[in-house]
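**Student:** Mind docking chain B on chain A? Use the hints.
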Amino acid sequence: MSTPLEVLKPDAALAAPRRAPSRRPSPLLAGGGIVVAAAAALPTAYLLIRSGTAGLTVLGDTLLSAKTAGLLMRTTLLCVAVTATAIAISVPLAWLTVRTDLPGRRTWVVVSALPLVIPSFVGGYAFVAALGPRGIVQGWLEPLGVDRLPSIYGFGGAWLVLTLFTYPLVLLPVRAALGGLDPALEEAARSLGRSRLETLVHVTMPQLRPAIVSGGLLVALYTLSDFGAVSLLRFDSFTRAIYIAYRSSFDRGVAAILGLVLVALAALVFVAEARTRGRTVYHPAHRGPQRRPRITRLGTWRWPAFAACGALVTVALLLPIGVIVLWLGRGAAAGESFGFAFGAAVRSVEASLLGASAGLVCAWPVAYLSARYPGRLSRSVEGASYAGYALPGIVVALALVFFGARYTPAVYQTLGILTFAYVVHFLPQATGTLRASISQVHPAIEEAARSLGASPREVLRRITLPLVRPGALTAFALLFLTVMKELPATLLLAPTGFSTLATEVWDAASAASFAQAAAPALALVLLSSAPMALLVVREGQAISPTS
Amino acid sequence: MRKRPAGLVLGLTLAVVAAACGNGQDGAEVPDGEGPVTVYSGRSEELVGPIIEQFEESSGVDVEVRYGDTAELAAQILEEGGNSPADIFFAQDAGALGALASAGRFASLPDETLEQVPDAYRSPDGLWVGTSGRARVLVYNVEAVEESALPDSVLDLIGDAWSGRVGWAPTNGSFQAFITALRLVEGEDEARAWLEGMEAGGAQDYEGNSQIVQAVAAGEIDAGLVNHYYLLELGSEDASIKENAANHFFQDGDVGSIVNAAGVGIIEGSDAPQGAQAFVDFMLSRTGEQYFDEEVYEYPLSGDLSQDPSLPDLDEIQQPDIDLSDLSDLEGTLALLRDTGVL
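From first to last, the protein sequence lines are chains A and B.
Mapping of the first sequence onto my numbering: residues 1 to 547, in sequence order.
Mapping of the second sequence onto my numbering: residues 1001 to 1343, in sequence order.
This is chain A alone, in the form it adopts within the complex:
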């Protein structure tokens, strides 16, 4: 049996990662991290340039207006509510699908992660269509005398939609962490007389905390950046105000100032995350022959738990897909041709593969620095990489329009700059997962290999990469499906005429032909579900408990 001491007493000297002989990253690693961070900081640089041209009066007026204060309050509230709810859903869901005899557990493992593939603008349309005051559900209830449903618009609707389509960002890392836990620790705690609850609170939860916090950070920052859901559900958030500033007065100065406030807000979230994450590093003491955890029998709670999972999946997955299918049916009934360009599907996959590959490569130095050399440099690099994630897509896209058209016209509106935009916008989705996997590889293993005469390259190839591979695959799948949903950067930066499934959906929906939007929307959801499902099934097999 392995020695659990390191994790049980995180503050003891043993818990600190064993220091490698050299405490400074190599110049190349540090350089790689700095280059990636500089790239990720481009949108912020653009916002600074644009706010500079707005002038001090506008700056003061915008920053100090009551409207900005209101926006700040509402956005913060939404951010906190969505993050808290996503965590509250994900932690029990992870436990149910990993550690219990929930009926149909393997199926739940897959479907509970899938709401992530629904683009928020499609989800928004679907929710308004279904649950709007005179939506589809009201139509069903009409015979019962229900004239209109309570309004879905505003805070409640935005909260609901954003939570349902982002909670898997917490669920996935928490589930991976739970599956990776050595049950010996919990068993030791139980055998030493701790109750189940005490074990959960004092042994299990602390080990899940890094996963919860890093997933929560992604949800919080995504909520800051989202436009699709807040616009369709009419919630006045910062992002919506930024879009309105572009749309209404064509005033890029005001939009830029609001964007900078958003960057500051993201920085606050990041600092809060760092505080919560804590300094403790958990390396499994030994990757010895680890037994699988024993499952908890739910007893009479089996079916209520089943019903709860069912309700969640019905609302988060079946409802939006049902609405899309309904649109498809209506189009067919009206005799509309609803095929979609096969080329758009191919281009979607092409763009997603490019974005995910480049994203994974660029995330490596950031994640490696952060996992192995925690310090000022790695914090700055990581912090910079989050700025692009918290900003709305239109800001990232316009920033690269600004720099691209002016300074690198040769690559402007090519797949090169589009891929670059995806990396800048979505990098943190890969770094979090990758960092977690790297820090689970105890440095001692790498050092042992080195001391046995392996070259650094061999250590990377034969030790680190194989151990990190599951995490890297998750990061890749996350990037893949996120890029596939992406809209503003694709519209502005793709080669002219390069339409994807997401742009086809948007084009049809903006002309109010939902029947035409349905086929590409369905294709989009199916295409991004496939890698996701494969991944989750693999993960499910890896973490499957003995029954």
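Hints may contain errors.
Claimed, not checked - Derived lysine to any residue pairs resembling SDA-like cross-links, with alpha carbons at most 25 Å apart: (1) A:Lys67 with B:Asp1189; (2) A:Lys67 with B:Gly1332; (3) B:Lys1242 with A:Ala333; (4) B:Lys1242 with A:Gly139; (5) A:Lys67 with B:Gly1341; (6) A:Lys67 with A:Phe155.
What the hints assert, rightly or not - A few chain A residues that face chain B, going by a derived Cβ cut-off under 7 Å, partial list only: (7) Tyr246; (8) Arg247; (9) Leu398; (10) Val401; (11) Phe402; (12) Ala405; (13) Arg406; (14) Pro409; (15) Leu491; (16) Leu492; (17) Thr496; (18) Gly497; (19) Asp507; (20) Ser510; (21) Ser513.
The set of hints was computed from the structure by calculation and includes no laboratory data.
From the three backbone atoms N, C-alpha and C, an ideal C-beta is built for every residue, glycine too.
**Tutor:** Structure of chain B alone, referenced to chain A:
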């Protein structure tokens, strides 16, 4: 030991980016040595894709189209500065055209082009020209509303007679442009009073124009504020809609029936000015205008095409005396809509 990973990372990044860059824009050459014409279109592919294809076929000019949101594309052209690849900006509404015109991003159009279109639907400085028009109307249920009871002005919709009978779509762009016009023509106070009156009278919120037309035809509400062509478009698929509902145009230059224009401008510094000019002229030609009339059900702005028999001629609808380019202050409109609780 950490040298290699970083080197590998950089190498791979460069390789991926380089591989991706090779896949750039490649267009066929046009006969007279100009490159293809690049159009930034704020009008969706659904609406204008077919007519752009017709232009390519008839002129032999290659066209590359970037579809997007009108305002976002306008911001993009502004950010691109002198290096914009765009030759043409095809906008959904006049406000965005006005914004680019005042930023000096449009080249002047020749008089022959401008003169095909009435003054009201083109830039006063000759920088953009309208290609088709959309009139605001009151769509009403023919069973529920007597023709004699139809109001002369949109302002008459407040009050007991219409209370609870009218639908509108506060989040819709065309509705918001109408409110901007209302503020310009009648003043801020009058616009506020009207919105408050409508709200107090229980105006019903709908998602968009087509939902309103369907609700009116189904008798769910008696009337609704929409763009004129939705009735024609929906009616062409479902004849009962045309039987049950009709469009009413407000009278005497009332702002309620303002006609907004979709239009085009040629980007200053375009490297395909001849192709771009040919594009603009084609949109204003008989073929182009016929397309907007028959396929999109909008008002053709040039030539002497006969409209759908159910529509009054464009010159019979008096326009309120405003410059359509000025309809760009959406911010004030949104503030007012929120203030009055409409949004």
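**Student:** With reference to the structure, classify each hint as holding or not holding.
**Tutor:** Against the structure, the hints come out as follows:
1. As the CA atoms of Lys67 of chain A and Asp1189 of chain B are separated by approximately 21 Å, the hinted pair is consistent with the 25 Å bound.
2. Distance hint between Lys67 of chain A and Gly1332 of chain B is fulfilled; the C-alpha atoms sit about 13 Å from each other, no more than 25 Å.
3. With a C-alpha separation of about 20 Å, the suggested pairing of Lys1242 of chain B with Ala333 of chain A holds against the 25 Å cut-off.
4. Pair hint Lys1242 of chain B plus Gly139 of chain A holds up; C-alpha atoms about 24 Å apart against a cutoff of 25 Å.
5. In summary, the hint linking Lys67 of chain A to Gly1341 of chain B is supported, as the alpha carbons are separated by about 16 Å, within the 25 Å threshold.
6. At roughly 17 Å between alpha-carbon atoms, Lys67 of chain A and Phe155 of chain A fall within 25 Å of each other, so this suggested pair holds.
7. Checking Tyr246 of chain A against chain B: minimum C-beta separation of about 5 Å stays under 7 Å; hint holds.
8. Given the 7 Å rule on beta carbons, the hint for Arg247 of chain A holds: about 4 Å separates it from the nearest Cβ of chain B.
9. Nearest Cβ of chain B to the Cβ of Leu398 of chain A: about 5 Å, under the 7 Å cut. The hint holds.
10. At its closest, the beta carbon of Val401 of chain A sits 5 Å from a beta carbon of chain B; the interface hint therefore holds under the 7 Å criterion.
11. Because the beta carbon of Phe402 of chain A sits about 5 Å from the nearest beta carbon in chain B, less than 7 Å, this interface hint is met.
12. A hinted interface residue such as Ala405 of chain A counts as satisfied when its beta carbon comes closer than 7 Å to some beta carbon of chain B; here the least separation is about 4 Å, so the hint holds.
13. Satisfaction of the interface hint for Arg406 of chain A is found here, the shortest Cβ-Cβ separation to chain B being roughly 6 Å, below the 7 Å cut-off.
14. Because the beta carbon of Pro409 of chain A sits about 5 Å from the nearest beta carbon in chain B, less than 7 Å, this interface hint is met.
15. Because the beta carbon of Leu491 of chain A sits about 4 Å from the nearest beta carbon in chain B, less than 7 Å, this interface hint is met.
16. Against a cut-off of 7 Å between C-beta atoms, the interface hint on Leu492 of chain A holds, since the closest Cβ of chain B lies about 5 Å away.
17. This hint holds: Thr496 of chain A has a C-beta 4 Å from the nearest C-beta of chain B, less than the 7 Å allowed.
18. Against a cut-off of 7 Å between C-beta atoms, the interface hint on Gly497 of chain A holds, since the closest Cβ of chain B lies about 5 Å away.
19. With its C-beta approaching chain B no nearer than about 5 Å, Asp507 of chain A sits inside the 7 Å limit, and its interface hint holds.
20. Given hint, Ser510 of chain A at the interface with chain B, holds; its Cβ is 5 Å from that chain's nearest Cβ, closer than 7 Å.
21. Hint on Ser513 of chain A holds. Least Cβ distance to chain B is approximately 6 Å, under the 7 Å limit.
Violated hints for the displayed structure: none, as all numbered hints are satisfied.
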